[in-house]
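Given the coordinates of chain A, work out where chain B with the ligands should sit on it, guided by the hints.
Going down the list, the sequences are from chains A and B. Under this note's numbering, the letters of the first sequence match residues 1 to 164, in that order. Under this note's numbering, the letters of the second sequence match residues 1 to 284, in that order.
The hints are all genuine.
Across the chosen pairs, the derived CB separations fall in these ranges: (1) Lys14(A) <-> Lys185(B): 38 to 48 Å; (2) Lys4(A) <-> Asp190(B): 32 to 42 Å; (3) Leu19(A) <-> Asp47(B): 21 to 31 Å; (4) Thr92(A) <-> Gly16(B): 44 to 54 Å; (5) Ala88(B) <-> Gln101(A): 30 to 40 Å; (6) Gly72(A) <-> Lys185(B): 32 to 42 Å; (7) Asp246(B) <-> Arg138(A): 42 to 52 Å; (8) Gly103(A) <-> Val262(B): 41 to 51 Å; (9) Lys4(A) <-> Ala15(B): 20 to 30 Å; (10) Asp85(A) <-> Asn69(B): 54 to 64 Å; (11) Thr92(A) <-> Asp246(B): 50 to 60 Å; (12) Ala163(A) <-> Asp27(B): 50 to 60 Å; (13) Pro141(B) <-> Asp86(A): 53 to 63 Å; (14) Asp246(B) <-> Glu119(A): 37 to 47 Å.
What the hints contain is simulated information worked out from the structure, not anything from laboratory work. It should be emphasised that the depicted structure is a prediction, and the values quoted were computed from it without experimental measurement. Cβ atoms here follow ideal geometry from the backbone N, Cα and C, with glycine treated the same way.
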Amino acid sequence: MSDKIHIKMTVNGKPEEFLAEPRELLIYTLRERLNITGPHIGCETSHCGACTVTIGGKSVKACTMFVAQADGADITTIEGIGGPDDLHPLQTAFKEHHGLQCGYCTPGMITRAAALLEENPNPTEEEIRFGMAGNLCRCTGYQNIVKSILAAAAEINASKEAAQ
Amino acid sequence: MIPAAFDYHRPTDMAGVIALLQEHGDDARVMAGGHSLIPMMKLRMADVPHLIDLQSVSGLGGISIGSENIRIGAMVTQTDIIADDALAKGAPILREAALQIADPQVRNMGTVGGNVANGDPGNDMPGLMQCLDATFSLIGPDGVRDVPARDFYEAAYMTARTDEEVLTAVTIPLPAGGYAYEKQKRKIGDYATAAAAVQIVRDGNICTAASIAMTNLSDTPIYSEAAGAALVGTSVDDAALAAAADAMQGDIDPSEDNRGPVAFKKHVAGVIVRRAITRAWSRA
Ligand SMILES: Cc1cc2nc3c(=O)[nH]c(=O)nc-3n(C[C@H](O)[C@H](O)[C@H](O)COP(=O)(O)OP(=O)(O)OC[C@H]3O[C@@H](n4cnc5c(N)ncnc54)[C@H](O)[C@@H]3O)c2cc1C
Ligand code: FES
Ligand code: FES
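Okay, chain B solo, but in the shape it has when bound:
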């Protein structure tokens, strides 16, 4: 499996990256961990005449936890996420989700920036970031801009990022309440048949806020506002669970593939969202 030939660039700052992207346009692509891009290049599904390796670019690492927000640099790996105890305290859903991505070797290379920028509906972090109402910071020739995760995904591999922009960081408002990331997969290391990210806030026995996003059940991640709304004001009893699952079903649009037919995926999505809500509620 030999990919097509390419010129390799390893700039050390962002100005160098942007200059290369401007010079080569469509022919250039950035690479973070390469664990989505290299498999695509080997299959010759991605043709990248100019490969720009981000590994030496300064300013793309680091996890910082402020009083209101968490900032995660684009080149932070899934292993870094799991290893960071302060992060696991501030936003425990991130570690819970990262542990369900791929395997240790892949997590050592795979980055947060690559996972959210890739645009593959199978990636776990886009839905997670929609659940957490994260914002993605982009830098390009015209400067920097922020795009909410909930507005970022347009179709499979199509995002709001333009070809000349680089994703530099993800910013997450400090999450409140209980959390759960539930993922149904055929085997460890597999992409989701269905996955659900849930954050729930509870006051006494009443749910006051809920955020729910689903993975690999459409050509984009699905933030289901209606599913969250179905829980607010309830005690998250059976009727509320059923209402939330119904609302979620109205938002997803799975297609048949080797993970199963549409009816099966809808069934699994229902099971997974109920499990995630129940677990998040028990932790709220």
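Just chain A, with the same shape it has in the complex:
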């Protein structure tokens, strides 16, 4: 066994510090060490996107990153995007437009969609499908996920305009 190393990271704005084996996968750090269970493990082989988190503004699959690589990183998970009392417009839209059925893929979907809307605040349906290609859903057939993201984009843009 290799030695544990000292890791520091920020998760959802909160500084975290601990000792870990470098081979620990970030998804396990989040779920089992930090008890942040929003990001899910679907495939564990970099294919499904259920484990998607945001690091430095970019969507990343947390099952394909060692905790050692994330030393010093600023990480956002679904918990940092919105909670029961302050739903993010994407969360509201997924609820209203039936963007989920079993909900297993949803944390990854919404976390990815939030980064997508930062990259491209006005995506077309095609751009959404392309931008969400790293996230699989076994239930919905994607139609309502796309609808939800379109609705959330419209909502976010409308409230930005209203604020100006």
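Same frame as chain A, now just chain B with the ligands:
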């Protein structure tokens, strides 16, 4: 899926990387984005007692476009390639190909250096770089050297790079004419069943130069000089397309796997190369 234990190193300069590679020899491996290496380590197909993370090493980033060449640092990601408008103007085939690699999350991590150094016949950038006649810059204990992409690949996961060398950059002569990267895959995010990279130069209605490389149809990428030669001097009509596709078939050597039997792969390769040539010609 827990990989075997390893010691983690995150040097900040190349001297530190080389020193670690020399100290640990076969037991050390560099990691760029980790999106080929980590899956292999999880499957325990790669055993890496000393993992050297390149993320903090200075001098491996950046895309610069000169009057004759484009230089892309090894740690430039596929997302960086797609986002760079000047690059998309100078060598549009790079963006077209990068958009067909994996998915957004993987492209945020996967690097150009990792993609070309990996040596997996499924990777898209090696064939692309052969089409563009790129040169790979390597640095090792004995200094730096340049290896043409067309001479770099020896067999699956075997390249001209030695264990103590690191790939620092890819240099591409500014491409001329029309381009196309065509890839047949089972689903978005999949490796190619067959892919073709084509650059074509046109003078009036005559093709004056053509470069064609194929992906995932042998244990290395295949630069098909004969396929390109079959187009030169023609008006890229049906007969020329057939001749180029025939020549390409003589150079590839696909094997059967879960993407299909040999006959199917040859068929797809023929379809894809014709599509790529036709599209590149229409843009030339
Ligand atoms: C779900 C999924 C789908 C994918 N689909 C595709 C696809 O369609 N097409 C495609 O081309 N790729 C695909 N990939 C692979 C992806 O593009 C990889 O990221 C890429 O092949 C390797 O880049 P990396 O930076 O992640 O390299 P790493 O995984 O870090 O490294 C790969 C290998 O290269 C070596 N290496 C890395 N950098 C250097 C360097 N600078 N010098 C010397 N050696 C180096 C490493 O030691 C290792 O052996 C996919 C990956 C996944 C997970
Ligand atoms: S669990 Fe990470 S991509 Fe599926
Ligand atoms: S809602 Fe069940 S997997 Fe997407």
